[in-house]
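Colleague: Below are the chains, spelled out letter by letter.
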Amino acid sequence: MSSAAAIPAVVRLEHVTKTFPRGNVTALQDIDLELAPGEFVSLIGPSGCGKSTLLRVIGDLVEPSGGVISVNGKSARQAREDGDYGIVFQEAVLFDWRTVARNIALPLEMLGWDRDRRRARVREMLELVELSGFGDHHPWQLSGGMQQRVAIARALAFEPALLLMDEPFGALDEMTRERLNLELLSIWEKTGNTVVFVTHSISEAVFLSTRVVVMSPRPGRVAGIVEIDLPTPRTAETRDSPMFFALVTRVRELLRSRGEHLLPEEEELLEADR
Amino acid sequence: MFDRLRVPATVVAALLALVGLWELYHWVWTTTGWTWPFVVNDTSMPHVWTIIKAFGQPAQVNQPSLIVVLLHKTAFTAKEAAAGFGVGAVIGFVLAVLLVHSRLLQRGFLPYIVASQTVPILAIAPMVVVWVNPKLPGPLQGWGAVAVIATYLTFFPVAINTLRGLQAADPRALELMRTYAASRRAVLWKLRVPSSLPYLFSALRLSATVSVVGAIIGELPTGLQNGLGGAIFNFNQYYSIEPQELWATNVIAALLGIAFFVLVVLAEKAVVQRSPEYVA
Numbered sequence: 001m002s003s004a005a006a007i008p009a010v011v012r013l014e015h016v017t018k019t020f021p022r023g024n025v026t027a028l029q030d031i032d033l034e035l036a037p038g039e040f041v042s043l044i045g046p047s048g049c050g051k052s053t054l055l056r057v058i059g060d061l062v063e064p065s066g067g068v069i070s071v072n073g074k075s076a077r078q079a080r081e082d083g084d085y086g087i088v089f090q091e092a093v094l095f096d097w098r099t100v101a102r103n104i105a106l107p108l109e110m111l112g113w114d115r116d117r118r119r120a121r122v123r124e125m126l127e128l129v130e131l132s133g134f135g136d137h138h139p140w141q142l143s144g145g146m147q148q149r150v151a152i153a154r155a156l157a158f159e160p161a162l163l164l165m166d167e168p169f170g171a172l173d174e175m176t177r178e179r180l181n182l183e184l185l186s187i188w189e190k191t192g193n194t195v196v197f198v199t200h201s202i203s204e205a206v207f208l209s210t211r212v213v214v215m216s217p218r219p220g221r222v223a224g225i226v227e228i229d230l231p232t233p234r235t236a237e238t239r240d241s242p243m244f245f246a247l248v249t250r251v252r253e254l255l256r257s258r259g260e261h262l263l264p265e266e267e268e269l270l271e272a273d274r
Numbered sequence: 275m276f277d278r279l280r281v282p283a284t285v286v287a288a289l290l291a292l293v294g295l296w297e298l299y300h301w302v303w304t305t306t307g308w309t310w311p312f313v314v315n316d317t318s319m320p321h322v323w324t325i326i327k328a329f330g331q332p333a334q335v336n337q338p339s340l341i342v343v344l345l346h347k348t349a350f351t352a353k354e355a356a357a358g359f360g361v362g363a364v365i366g367f368v369l370a371v372l373l374v375h376s377r378l379l380q381r382g383f384l385p386y387i388v389a390s391q392t393v394p395i396l397a398i399a400p401m402v403v404v405w406v407n408p409k410l411p412g413p414l415q416g417w418g419a420v421a422v423i424a425t426y427l428t429f430f431p432v433a434i435n436t437l438r439g440l441q442a443a444d445p446r447a448l449e450l451m452r453t454y455a456a457s458r459r460a461v462l463w464k465l466r467v468p469s470s471l472p473y474l475f476s477a478l479r480l481s482a483t484v485s486v487v488g489a490i491i492g493e494l495p496t497g498l499q500n501g502l503g504g505a506i507f508n509f510n511q512y513y514s515i516e517p518q519e520l521w522a523t524n525v526i527a528a529l530l531g532i533a534f535f536v537l538v539v540l541a542e543k544a545v546v547q548r549s550p551e552y553v554a
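Chains as they are written, first to last, in the working numbering: chain A, 1 to 274; chain B, 275 to 554.
Each hint should be verified, as a subset may be incorrect.
[Unchecked claim] The calculated SDA-like cross-link candidates involving lysine to any residue, where the alpha carbons are at most 25 Å apart (straight line), are: (1) B:Lys543 <-> A:Thr99; (2) B:Lys543 <-> A:His137; (3) A:Lys74 <-> B:Ala455; (4) B:Lys543 <-> A:Arg239; (5) B:Lys543 <-> A:Val93; (6) B:Lys543 <-> A:Asp116; (7) A:Lys190 <-> A:Arg239; (8) B:Lys543 <-> B:Asp444; (9) B:Lys543 <-> A:Ala101; (10) A:Lys74 <-> B:Glu449; (11) B:Lys543 <-> A:His138; (12) B:Lys543 <-> A:Gly135; (13) B:Lys543 <-> A:Arg102; (14) A:Lys74 <-> B:Glu516; (15) A:Lys190 <-> A:Asp116; (16) B:Lys543 <-> A:Leu142; (17) B:Lys543 <-> A:Arg98; (18) B:Lys543 <-> A:Phe134; (19) B:Lys543 <-> A:Asp96; (20) A:Lys74 <-> B:Ser457.
Rather than coming from a laboratory, the hints here were simulated on the basis of the structure.
Using the sequences and the accompanying hints, generate a full structural model.
Modeller: See the structure below:
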C-alpha cells in the first residue's frame, strides 16, 4: 500500500461488514483494504471466510451491512452502473444461443456500441485470449478452458479499470489451470487492469498476484497480507524457484495461524494443497 | 443418403404396421366371433380399403368426390385453427411476460388463468359465438368466433410454459446482466426470452394440435358447415349406414393436426440454437 494519497485507489474498503440475518452469520467483519491501479490482488481462505462475499460487495452484487466502499472514487453502485468492472465467475456463464463472438459483444450491445465498433473490438478480444477463428463457434463446441477464456474476453471487452474474478479456474483440471494462469498474466500485462482474484489454491494465488490477502472464517476477516515480490514476467519456471516456495509457505502459515477456526475438512483442503 | 431416408421410412413402416394391426384385429375378432370389448364388423371397424375408396366417391349425389369436399373443409378449419393458434400464442406470450415481471399480478391472475381451462369448451362455445360473432366485421363472421375458441385453448399452455421458461433463466446469467446494469428490457430480450425458447416451443407443439381440436369442436355449436367439425357432425348421423365417411374425415382431421405439429417443429429447428444434448 504505497503512497495511497498520491495515486487514487481503484478499490477502497473501510470497516466493511456483512451479516446475513438468516442464521446470524457474520460473513465479513471490519475489512479494510485498498487496491492501487494495476495491482493483482488475490483473496484466499477456506470456505466460509467470505472471500466471494467480499468480491460481490465490491461489485455491488451484495449490499454490505456496514462500512464504506469506493470503486474508482465512486460508490460501488455508481461504479457498477458506469461499467467500471468486468466479472468472471467460476462457470463461464456463456449464452448458448449466441456465438462466441456475440457472447463477447454482449456487454458492448448493452453500452449501445454500433455494429462495426463491436466487430472490431470482438476481433481484438479474440486475439487477446488467443481464440481467433473461434468467433463463429457456439459455446458448447469449446472446452472448459476455452469457454473461460471467452468469459475473460467478455469481461474485458469494454475496457473496465477493474477485473473481478471469482474462482475462475476452480472447475478446470490442473494442467489447464496452470496454462490459463500464464495466459491471464500475459493478458494482465497487456491491459494493466486492477484485478481482484478469489481462489482457494495457495500456489495459484502466489503465482499470479502482487499481493495475497489471507482471510479467515467465522467471522470472515483479514488474517494477513503477503506482498508477492516474485520477479516479472513470471513463467512456468517461477513455480520451481525457492522464493516461490517461501511465499507459499508464508501464506500457508497465515492460513494455519487461525487454525483453531478450521473445520476438519478445511484442514484437509490445506493439506491437499501442499 | 440412408440417414435422410430413415425418418420417412420409419413413418411409412409405422403406418403400414397400424394398417396391419387394424386388419388383423378385424380378422381375428370376426372369425372367432369375440364380442369383447365391442362387436367387430364392417360398421364398427370398416376395412382400410373401404375408407380409402370412400375418398374417391361423392358423399352425396351431384357432389364432387369426398376428398375434394374434405380438402375444402380442411382449408376452412385450418384457417380457424391457424388464426386461433397465432392469436393465442401471442396472448400467452404477452401474459407470461407480464406475469414474470410482477409477483402481484402472478398471484392475482394465475389462479384465474388456470381456472379458465377447467371450464369445458363445449359449455362456453355457444356463448362465445353469441357474444363474439355480432361484433366481428363481415369477413370474420362465423369462422372468427371459432378462431376465438381455438385461441382460448391455445393461449394457456403457451402462457404457463413461457412463464416457466422466463423464470428458468440461469441465476448466474441474471447476476452477469446485473453487473452490466442491464435494463429490465435488455434482461428480457437478451436473456429471459432466448432461454425460454425451448419451453415456448414445447408449448407451441402442444398448442398446435390443440388449436385444431379447438377449431373442430368450436364448429359444432356454431352450426358452421364449411369445416371439418361440421363434416364430422354430419357423417356421425349416417354412421350406421356409411361409417367409412366419418373415418375418412377423421383421418384428414388427424393429418391436419400432424401438419400443424410438424410446422412448429420445423420452425423450432430453424430458430432455437442449443447444444445437441440439451433437452427442455
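Colleague: Between Lys543 (chain B) and His137 (chain A), does the CA-CA distance stay at or below 25 Å?
Modeller: 18 Å, holds
Colleague: Do the alpha carbons of Lys543 (chain B) and Phe134 (chain A) lie within 25 Å of each other, as the hint requires?
Modeller: With Cα atoms ~23 Å apart, Lys543 (chain B) and Phe134 (chain A) stay inside 25 Å; holds.
Colleague: Given the hinted pair Lys543 (chain B) and Arg239 (chain A), is their Cα-Cα distance within 25 Å?
Modeller: Measuring from Cα to Cα gives roughly 50 Å; hence the hint is violated.
Colleague: Do the alpha carbons of Lys543 (chain B) and Arg102 (chain A) lie within 25 Å of each other, as the hint requires?
Modeller: 20 Å, holds
Colleague: Verify the proposed pairing of Lys543 (chain B) with Asp96 (chain A), using a straight-line Cα cut of 25 Å.
Modeller: 15 Å, holds
Colleague: Starting from Lys74 (chain A), check that the Cα of Glu449 (chain B) is at most 25 Å away, please.
Modeller: This hinted pair holds, its Cα atoms lying about 21 Å apart.
Colleague: Given the proposed pairing of Lys543 (chain B) with Ala101 (chain A), does the C-alpha separation stay at or below 25 Å?
Modeller: OK: Lys543 (chain B) and Ala101 (chain A) at ~22 Å, within 25 Å.
Colleague: Taken at face value, is the distance from the CA of Gly135 (chain A) to the CA of Lys543 (chain B) at most 25 Å?
Modeller: Cα-Cα ~22 Å, so holds.
Colleague: Tell me if the straight-line CA distance from Lys74 (chain A) to Glu516 (chain B) falls inside 25 Å.
Modeller: The given pair, whose Cα atoms are some 84 Å apart, is violated under the 25 Å limit.
Colleague: Is the hinted pair Lys190 (chain A) and Arg239 (chain A) satisfied, with a Cα-Cα distance of at most 25 Å?
Modeller: Distance ~22 Å between Lys190 (chain A) and Arg239 (chain A) Cα, so the pair holds.
Colleague: Just to be careful, I want the Cα atoms of Lys543 (chain B) and Asp116 (chain A) compared with a cutoff of 25 Å; is the pair within it?
Modeller: Violated, at roughly 29 Å.
Colleague: Tell me if the straight-line CA distance from Lys74 (chain A) to Ala455 (chain B) falls inside 25 Å.
Modeller: OK: Lys74 (chain A) and Ala455 (chain B) at ~15 Å, within 25 Å.
Checked against the numbered hints above, the structure violates hints 4, 6 and 14; every other hint is satisfied.
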